[in-house]
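Chains as they are written, first to last, in the UniProt record's numbering: chain A, 1 to 786; chain B, 1 to 125.
Derived from the structure by calculation, the hints contain no laboratory data. The structure displayed is predicted, hence computed values, not measured ones. Ideal Cβ placement from N, Cα and C applies to all residues, glycine included. All clues given are correct.
Here are the simulated DMTMM-like cross-link-like pairs (lysine to aspartate or glutamate), alpha carbons at most 25 Å apart as the crow flies:
1) A:Lys-441 <-> A:Glu-361
2) A:Lys-626 <-> B:Asp-106
3) A:Lys-626 <-> B:Asp-108
4) A:Lys-364 <-> A:Glu-444
5) A:Lys-436 <-> A:Glu-361
6) A:Lys-370 <-> A:Glu-444
Stretch-level coverage of chain B by chain A, calculated; a stretch enters the list once three of its residues show a Cβ under 8 Å from a Cβ in chain A:
7) 35–44
8) 71–77
9) 86–94
10) 101–112
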Amino acid sequence: MAEIEATTGGTLALALPFIAAALAPILKRIFGAYAGWILALAPAAAFALLFSFLPTIASGGVVSFGYDWIPAFDVRFSFRIDGLASTFALLITGIGTLIVLYSGGYLAGHRDQGRFFSFILMFMGAMLGLVLADDLMTLFVYWELTSITSFLLIGFDHEREKARRGAIQALAITGGGGLALLAGFILIREVAGLNSMSEILAAGDALRDSQYYLPIFVLVLCGAFTKSAQMPFHVWLPNAMEAPTPVSAYLHSATMVKAGIYLLLRTQPALGDTALWTTVLPLFGAVTLVMGALLAVRATDIKITLAYTTVSSLGLLVMLIGVSTEYALIAAVLYLIAHSLFKGGLFMVAGSVDHGAHTREIGKLGGLAKHMPITFAAALLCALSMGGITPFVGFLAKEEIYHALEHGDAYHVALMAAAILGNALMFAAAFIVALKPFVGKLPETIHHPHEGSPTIWLGPLVLGVLGLLGALFYETYHQLFSVPMASAAVGAPVEIDISWVPHLNLAFALSLATIVLGIVIYLASNAIRTATSRVLSAIGWGPDHGFDQAMRGLLRFSFFVTSRLQSGRLDYYMTVTVMVIAAGLFAPMILGGALPAEPSMPTLYFYEWIVLALILVGILAVVIAKNRLTAIVSLGIQGFSIALLFILLGAPDLSFTQFMVETLSVVILALVMTRLKLSPADHRPMRETLPDAALALAGGAGLGLFLLSIVQRPFDPVLSDFFERYSYPIAHGHNIVNVIIVDFRGVDTMGELAVVMAAGLAILALIRIRAGGKTDVQPDPMETTP
Amino acid sequence: METALCLVVGCLFTVALYLLLSKHIIRMLLGVVLLGNGVNLLIFTAGRVSSIAPPLVPAGAETPLTDVANPLPQALILTAIVISFSFFAFLLVLAYRAYQDLGTDDTDQMRVAEPEDDGPPPLGY
Chain A
1 MAEIEATTGG TLALALPFIA AALAPILKRI FGAYAGWILA LAPAAAFALL
51 FSFLPTIASG GVVSFGYDWI PAFDVRFSFR IDGLASTFAL LITGIGTLIV
101 LYSGGYLAGH RDQGRFFSFI LMFMGAMLGL VLADDLMTLF VYWELTSITS
151 FLLIGFDHER EKARRGAIQA LAITGGGGLA LLAGFILIRE VAGLNSMSEI
201 LAAGDALRDS QYYLPIFVLV LCGAFTKSAQ MPFHVWLPNA MEAPTPVSAY
251 LHSATMVKAG IYLLLRTQPA LGDTALWTTV LPLFGAVTLV MGALLAVRAT
301 DIKITLAYTT VSSLGLLVML IGVSTEYALI AAVLYLIAHS LFKGGLFMVA
351 GSVDHGAHTR EIGKLGGLAK HMPITFAAAL LCALSMGGIT PFVGFLAKEE
401 IYHALEHGDA YHVALMAAAI LGNALMFAAA FIVALKPFVG KLPETIHHPH
451 EGSPTIWLGP LVLGVLGLLG ALFYETYHQL FSVPMASAAV GAPVEIDISW
501 VPHLNLAFAL SLATIVLGIV IYLASNAIRT ATSRVLSAIG WGPDHGFDQA
551 MRGLLRFSFF VTSRLQSGRL DYYMTVTVMV IAAGLFAPMI LGGALPAEPS
601 MPTLYFYEWI VLALILVGIL AVVIAKNRLT AIVSLGIQGF SIALLFILLG
651 APDLSFTQFM VETLSVVILA LVMTRLKLSP ADHRPMRETL PDAALALAGG
701 AGLGLFLLSI VQRPFDPVLS DFFERYSYPI AHGHNIVNVI IVDFRGVDTM
751 GELAVVMAAG LAILALIRIR AGGKTDVQPD PMETTP
Chain B
1 METALCLVVG CLFTVALYLL LSKHIIRMLL GVVLLGNGVN LLIFTAGRVS
51 SIAPPLVPAG AETPLTDVAN PLPQALILTA IVISFSFFAF LLVLAYRAYQ
101 DLGTDDTDQM RVAEPEDDGP PPLGY
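Build out the structure end to end from the sequences listed, making use of the hints.
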C-alpha cells in the first residue's frame, strides 16, 4: 500500500475554505451579487486538489501530512486521506461548491449575506478537517468546530426565537455529545496509548480486548449518535430547519450529520463486530429508521419532511454499520454517497419551491411543474434516486442493502422488515416533496410562481444528474469512490460489482415490494398523517418538549443556586468570608499538627506592658463605645499606642508615619461622622451579636495562633542581612529602611504612589459627581454651611 | 515580646472582624482601620523583635555596628500604612456619598446593585 506525503496540497485544501471565510464579507461588499461565484472558487479548488489524490487512493494508497502540535503530549496536527476520508472530502467540497453558488442566489440581497458566506465556508473547513484528521485531538477540535459553526448557521436569522431555540438545542446536544467523544478519545489515549486513527486501525483487536471497551464504546457512541441524530437525540435536526435552506441542504443532510456515521465507519474495524456493537447499533438504527420515516410522512412542511427522512436515513446507516458484515458496510457506503447526492438536491429543490411559491406547506402547493420546469426535473431525478429506482445510485444502494440482510437469521429478518418499511415510507416522502408540489392544480394562494436564477436550479440539477451518471457508469463510480471507501470501512480490500441492471433475485423482488408499498403509502399519506398526529397528541410528550423542560429546569436550578450564594446581603458575604478564613487557618493547624507550643509568660518592661495595655483598652473601647465620637477617640488611642510601640521597638520611621496617618484618620472620620445623622451605637440584639462575636473570635484567634507558630520557628535573616550589608556600599544611605523604600524597592514605591494618587482622584470624582447626579434623598443642612 | 505581640494581633483581628461583620458601614470602616493596624503588627512580629536599635548605619561605617531591628518588615509596613490610609479615605468618601444618595448606612437597605426581588429568570430562548 503506497503512502505518500502531500503537505503543501493537503494543507492548502484544508486552509482554502477558512481563507475564503475570512475574505467573504469584503468580497461581498466589493463584488455584490457575483461574490458567490468568486467564493465558490475556494471549495472548487479544494475539490480539485483532493481529486488529484484520487488515483493514489483508488489504487489502495494513503495520503498523509501533518505538523507537530503539542509534542509533550504526543498531540499532532496530522491528517490522513484514505478511501473513506477521500470520498467524504470530495462530497464536502463538491456539494460545498454548489451550495456556495446556491446561497449566492438564494440569499441574494440579504443584509447579512457576507456573514452567511463566512459561516458556511468556516463550516466547510471544519468538516473537511474532521474527515481528514488522523490525530484524535485534531479530530475532536474539528468535530466541535462543526458544532459551533452549525450553531451560528442555524441561528443565522437570530431575530426569530425559533431560530435561536434551534441553534441552542443543536449546540447543547451535539456539543454535549462532542464532550463525551473527547472523554472517549482521552480514554483511548490513556488506556491503550493510541493517539491517532491510523494507530487505532493498526492496533487490531487492542481496543476490543481492552477492559475499558464498554466505556470507550459508550462514549464514542454518544458522540456519533448525537451528531447523527439517532433517537432520542434526533430532536435537534428538525428544529435545525430554522436555518436558511442552503444550510439544511449542506449541513443537515449531506455533510455534518454524517460526521457520526463517518466516526462509526472509521472506528468500525477497531471497535466493531462485537456482540455489543451488533446489538446496540442496529437497535437504535432500526428504531430511528422507522420512527423518522413515519414522522416524515406526517410533516406538512416539505423541509421538515426532508429533515425527518434524513433522520430516517441516518438510522438506516447506523443499522447497516451495526450489522458489521462486509455486505452491510458496502451497502452503508453506497447509501451514504447516494443519500448525500439526492438529499442535498431535494433540500435545494425545497428551497427553490419556497423561493418561487413563497410557501413550503404541502397542502398549499401544487401545479408548479409548468412554471418551474427545471426545478421539477431536478426534483424528479433526486426523488427517483431516493426511491431506489434504477438506473440511479439509490437503486444500487437499496439492492445492496437487501443483499446484505437476506442471508441472515431471525434478527436480520426483523432488520430487513424495518428496512423495507422505512424505505417504503421514504419512497413516499420523496414523492410527496418532489411530485405533489408540481402536479395538480395551481392554488390561488400562489401568485406568480417563477423559476429562480441559474445558481438556484444548478445545484439540484447537477446533484440529480450525478445520481444518474453514477449508476450508469457504475464501474468507474465503484472504482473511484465506493470501493476505496468500503475497503477503509471494512478494513480490508473489497469488491463491489452491483450494477444498475436489475437481476431477478430476492433483492430485486424486495425492491419491487418496497416500491409498491411506497406507492400505497404515497396515496394514503393523508390518512397516515392524521393517524400519526393522533397518536403523537395522545402521548403528549416528546424529547423536544423534554429538552424545553430540561432547559427550564437548568435555569431554575441556577437561579436557585445563585440566589442562595449571591443573596445581595453584605453581612452574609462577610460572614461566609470570615468563616472561610477561620476554617482555612484552623484546619491545617489542627489536621497537620502545626499548633504552636504553649508559650512562656513574656518578660517585658513595665512601660512595654503599659503600651500594650493601652492598645487593648483602645480597641475594646471602640467596640463597646455607646457614642460615635467616643468610638473615634478610642480608635485614635489604639493608633497612637501602636505608634508608641513602634518607637519602643526600634522603628522610628513607622512611628512618625503612624502618628500622622492616625491623626488624619481620626480628624476626617470625625468630620464625616458628624455630618451623618445616624444612630450612634450598634443596635443589634444579643442573638445577632453573639454569633458574630464568636465568629470574629475564631478568626482573630486563628490569626494570632498562626502568627505564634510562625515566630516559634527559626528565623531566616538572609534578606535582612543583605539589606543591612549593602544599603550603604551600594545605595549610599544610612537609613536602611529608607534605602529599601526608595532604592531597593523603588518600583514598588512608585506603585504605591500610583495607588495613593488613584485613590485621591477617585475621591475627587466621588465628591464632584454630585453636580450631575440626582438630588439628595435627604438634603443635608450641614452642606450649606461652609 | 513576640508572644505578647501575637496576643495583641489576635485581639486586633478579632475586633476588626467583629466590626466588619456589622451591618453599619461606619462600624465597618472602624473595622477596616483596625484591620490595617492588625496586619501591620502581624508583619512586624513575623520579622521578629530581636533588637530595639533603629536600623541605621552610623556615619563612617559600612554596615550597622551593633545588632539592629529588622529593616525589611519596617519598609513593607511603611508602604502598607500609606496604602491602607488611602484605602480608608476612599471607603469613607464612598460611604459618605452612599449615605447622601440612599439616606442610610445600613447594608441591608443598600440594594441598588443587587435588588431584593429580582424575580425568576426569563425562561425563553
